[in-house]
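So the protein sequences, as listed, match chains A and B. Reminder that position 230 of the first sequence reads as 230 in the UniProt record's numbering, one-by-one numbering, no gaps. Reminder that position 73 of the second sequence reads as 73 in the UniProt record's numbering, one-by-one numbering, no gaps.
Source of the hints: derived by calculation from the structure; they are not laboratory data. Hints are supplied without guarantee of correctness; some may be wrong.
Said to hold, decoys possible - Partial chain A-side listing against chain B, Cβ under 7 Å, derived:
| no. | residue |
| --- | --- |
| 1 | 122 |
| 2 | 200 |
| 3 | 353 |
What the hints assert, rightly or not - Computed list of lysine-lysine pairs in DSSO-like fashion (alpha-carbon distance at most 27 Å, straight line):
| no. | chain 1 | residue 1 | chain 2 | residue 2 |
| --- | --- | --- | --- | --- |
| 4 | B | 95 | A | 191 |
| 5 | A | 152 | B | 132 |
| 6 | A | 444 | A | 371 |
| 7 | B | 132 | A | 191 |
| 8 | B | 153 | A | 446 |
Ideal Cβ positions, reconstructed from N, Cα and C, are used throughout, including at glycine.
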Amino acid sequence: MSDISFVRTEMLPEKEPPASTVGFIGWAKANLFSSVLNSVLTILSIVLVLFVLSGVLPWAFQSVWNASSLTECREILKATYGEHHEGACWAVINDRWVQLVFGFYPPYPIDPTMYLGNPPEGAWPAYFRPIATFVLILAAVAPVLFDKLPRKMLIITAIFPFAMPWLMWGGTVWFPVAAALGFAIGYFAFKYLADIVGELAGLIIAVVLPVIWWLFLMGPFADLMQSIIALDIPVVESRKFGGFTVSIFIGVVAIVGSLPIGIVLALGRQSDLLIVKALCVGFIEFIRGVPLITLLFVASTLLNIFLPPGTEFDIILRVLIMVTLFASAYMAEVIRGGLAALPRGQYEGADSLGLNYWQAQRLIIMPQALKISIPGIVSNFIGIFKDTTLVSIIAILDPLGLTNGIRADAAWNGIYWELFAFIAIVFFVFCFSMSRYSMYLERKLKTSH
Amino acid sequence: MSELATERQIDRSKMHVGSDVAIQINNMNKWYGAFHVLRDINLTVNEGERIVIAGPSGSGKSTLIRCINRLEEHQQGDIIVDGTELTSDLKNIDKVRREVGMCFQHFNLFPHLTILENCTLAPIWVRKVPRKEAEETAMHFLEKVKIPDQALKYPGQLSGGQQQRVAIARSLCMKPRIMLFDEPTSALDPEMIKEVLDTMIELAEEGMTMICVTHEMGFARQVANRVIFMDQGQIVEQNEPEEFFNNPKSERTQLFLSQILGH
Ligand SMILES: Nc1ncnc2c1ncn2[C@@H]1O[C@H](COP(=O)(O)OP(=O)(O)O)[C@@H](O)[C@H]1O
Ligand SMILES: [Mg+2]
Chain A
1 MSDISFVRTE MLPEKEPPAS TVGFIGWAKA NLFSSVLNSV LTILSIVLVL FVLSGVLPWA
61 FQSVWNASSL TECREILKAT YGEHHEGACW AVINDRWVQL VFGFYPPYPI DPTMYLGNPP
121 EGAWPAYFRP IATFVLILAA VAPVLFDKLP RKMLIITAIF PFAMPWLMWG GTVWFPVAAA
181 LGFAIGYFAF KYLADIVGEL AGLIIAVVLP VIWWLFLMGP FADLMQSIIA LDIPVVESRK
241 FGGFTVSIFI GVVAIVGSLP IGIVLALGRQ SDLLIVKALC VGFIEFIRGV PLITLLFVAS
301 TLLNIFLPPG TEFDIILRVL IMVTLFASAY MAEVIRGGLA ALPRGQYEGA DSLGLNYWQA
361 QRLIIMPQAL KISIPGIVSN FIGIFKDTTL VSIIAILDPL GLTNGIRADA AWNGIYWELF
421 AFIAIVFFVF CFSMSRYSMY LERKLKTSH
Chain B
1 MSELATERQI DRSKMHVGSD VAIQINNMNK WYGAFHVLRD INLTVNEGER IVIAGPSGSG
61 KSTLIRCINR LEEHQQGDII VDGTELTSDL KNIDKVRREV GMCFQHFNLF PHLTILENCT
121 LAPIWVRKVP RKEAEETAMH FLEKVKIPDQ ALKYPGQLSG GQQQRVAIAR SLCMKPRIML
181 FDEPTSALDP EMIKEVLDTM IELAEEGMTM ICVTHEMGFA RQVANRVIFM DQGQIVEQNE
241 PEEFFNNPKS ERTQLFLSQI LGH
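Next up, chain A with everything else stripped away, as it sits in the complex (with noise of 0.2 Å):
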C-alpha cells in the first residue's frame, strides 16, 4: 500500500461552530474589534456619532413647537430649558407648514376671484385640486412600481399625464382631450399607413401629424367643443404655485416625461439612420453640456426674445420642458449604457424568430435594458428632484423659495436652521424612498431567475 492511498472508512459527524464566531460578541469580535486599528477606529468614530448627536438631539427635542413669532419662541425657550439652551423654534413649522406645501395656490378656486379667506358656500374641502393631484400620482404610480396590485389600475396611469396639469391649471377639460387625441392620431397613423408607406415613412408620418395637431388645431379644437359642451373648472395661474406641490409637479412630469424620451434618444443614438442618429447624440450632448442653471434661465427670459411678440407662453410650462429634455438626456445616456451591456445574441434570437425592430425591442431588449439600468435610472431620478429646488432661481417659489418670503416676515425674521432642516428631512423621505424602492427591485428582479 502507498503512501497516497486513502479510504475514508467513517463518515465525520456534523459540529457546532466555534462559540467565538456567533452572537452578539462574536460579530462584535469580527466586525469592530479585530485588531488594535480596527479597535481604536471603532471606538473614535463612536465618540464623534455620541458628540454630534449630544448637540442635535437636544436642539430638535428640547425645542418649541407653539408659538406666533421668533421672539416668542425665544421667550419660551428660556423660560422652560434655562438661558444658555439652544432649542429649535419648530414653530414656524406649524405656523407656515400649509404654505411651504401648497405655495400660494388658493384653497378654494370656484369662482373667478379664487377665494382665499373663509371657505365659500358649497366649496369642496381646503385645497382639495392639489390634495386629489397628489393622490392622483399615487395611484398612477402604484400599479407601475408594484406589480401585485390590479392591472385595471394601469388606467388610472394611462389618463394620469392629461388630468394631472388639468387638476393643478384648470381650465376646460377639453384641452386635455384634444392633447391625449395627439396620440392617439399618431398611434392609428402608424398602425394604418406603416402597411401602405412603409415603416419609416410611416413613424414620420405618425410623429409629425400629432405635432402639428397639437401645435395649431388642438387649441381650436379645445375652444370649439367648450363652445358646444362646457366642461371646466377655475384657472389657477402658474405664479399661485408653489411650495411642495411645485416642486413634486415638476419632478414628477420630468420623470414621467424624461423615461420615454430617454428610452427613444438612446435608441436614436444606436440608430443606422444617419440623420436621426445625428441629431440624438447632438441633442444629447449639447444637453449634458449645459448647465441646468442656463437652461432655465433661457426659459426664463431668452425664450422670450424669441418668441413672437405678445405670446404668452406660461413660465411653469416652460420650466417643465427645459427639466424635462434637461433629465431626458441623463437617462438617454444611461438606458445606452444598458443596451449596450446586453449580448447581441439577444437581438438575433430575437431576429431569427421573426420579431420586428419595435417588438424585440419592447418585449426583449428594453425590458432587459432597463432593468440593468435600474440603479442608474432611479440616481437620475433622485437627481432630477432634487434639482427641482434649481427653479428658486428663477423666481418661482418652490419651497426653498418660499424660505425668503418667510424669513421676510417681521415674526420669522433671524430664523434659519429650522426651514432648512425640514426641507431637507422632506427631500431625504422622498429620495430615500425611491432609493429603498430601486434596491427591492433590483432584489426581485434577480430572484426571478
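With the hints as your guide, set chain B with the ligands onto chain A.
Positioned in the frame of chain A, the structure of chain B with the ligands alone reads:
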C-alpha cells in the same frame, strides 16, 4: 468529438429528399468591409435534405447560414428561400424568418422570460396565434424535447443541454419548414451533447429540412445526406457522408478530417 452520436437505431422511413427546392443560393458573395468572407457560394438545398457544414474556424460557416435568414446581408448574388428572394425588402425578410428556425451556439434564450414565455412569444406576436393555443403548442414541443416540467422556470435555472433543447423547441413553435443550427453543441459539456443531438436526430426523422454547422462527425455520418466542407469562405468539397469521410478528394478536406478525427 464523439465518433458516434447515439447508440440508437435511426428510423429512416420519413427521411427522404424531396424534389422541391427549399433554398437556392446562386453566385453569392459577401464582404465584411474589405474582407471577402464568402466567395461565389452556389448551393441548392431540396426539401427534406439534412446538410452538415464543416470546416476550420473562421472559414465562414456561420456567416453562410446567417445569410439564409438575413442575420447577415449578402452583397452579391441571390438567395431564394422557399420561393422568396432575400432583398432589402423587409416584407420578404419577415416572411423568410417565419419559415426558417435557427439555433445558436449560445442558445440566445431570453433570460427575463420563462421557458414557456420564450416559446410562445414569437407565435403570439409574429404569427398572431391566440395565447392559449400558443401555450398548447409550446407544451407539445417542450414535451418533445423532454422538458415539459421546466416550463415555468427561467433559462438561467436550466443546464446548457436543457437550454439548447428549449431553444430548439422555441424555434419549432413557429412551425418552420427549415431549421438552421450553428454549432449547437460546441458550448456544451460532453454529457449534454448527446441529449441535444438526440433531439436533432428526432427532428431529422420527421423529415425536417436541416442545415447544421457542427463538428459532430458521428451525427454527420448517421443523419446527413450531404456533407459540405468549407475553407476560406468557399465550398471546397461536398459529398454523401460515406464518400466524404472514407474518400475525401481535396487535400484540405483530408487535412481537416485527420485533425478532427485524430488519425
Ligand atoms: N461582424 C463581423 N465583422 C467583421 N468580420 C467578421 C464578422 N463576423 C465574422 N467575421 C470574420 O469572418 C470570418 C468568418 O467568420 P464565421 O462565419 O464566424 O466563421 P466560422 O463560423 O466558420 O468559424 C472570420 O474570419 C471572422 O473573423
Ligand atoms: Mg461559427
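A quick look at each hint next to the structure:
Hint on residue 122 of chain A is violated. Least Cβ distance to chain B is approximately 51 Å, over the 7 Å limit. Restraint check, residue 200 of chain A versus chain B: the minimum CB separation of about 10 Å is more than 7 Å; hint violated. With 7 Å as the threshold, the beta carbon of residue 353 of chain A comes within range of chain B, its nearest partner Cβ sitting at about 4 Å, so the hint holds. As the CA atoms of residue 95 of chain B and residue 191 of chain A are separated by approximately 19 Å, the hinted pair is consistent with the 27 Å bound.
Distance restraint check for residue 152 of chain A and residue 132 of chain B: the Cα-Cα separation of roughly 21 Å lies within the 27 Å cut-off, and the hinted pair is therefore satisfied. Note on residue 444 of chain A and residue 371 of chain A: the hinted pairing holds, with a Cα-Cα distance of about 11 Å set against a maximum of 27 Å. Proposed proximity of residue 132 of chain B and residue 191 of chain A is supported: the alpha carbons are some 25 Å apart, at most 27 Å. Note on residue 153 of chain B and residue 446 of chain A: the hinted pairing holds, with a Cα-Cα distance of about 13 Å set against a maximum of 27 Å.
The structure does not agree with the numbered hints 1 and 2 stated previously, though it agrees with the rest.
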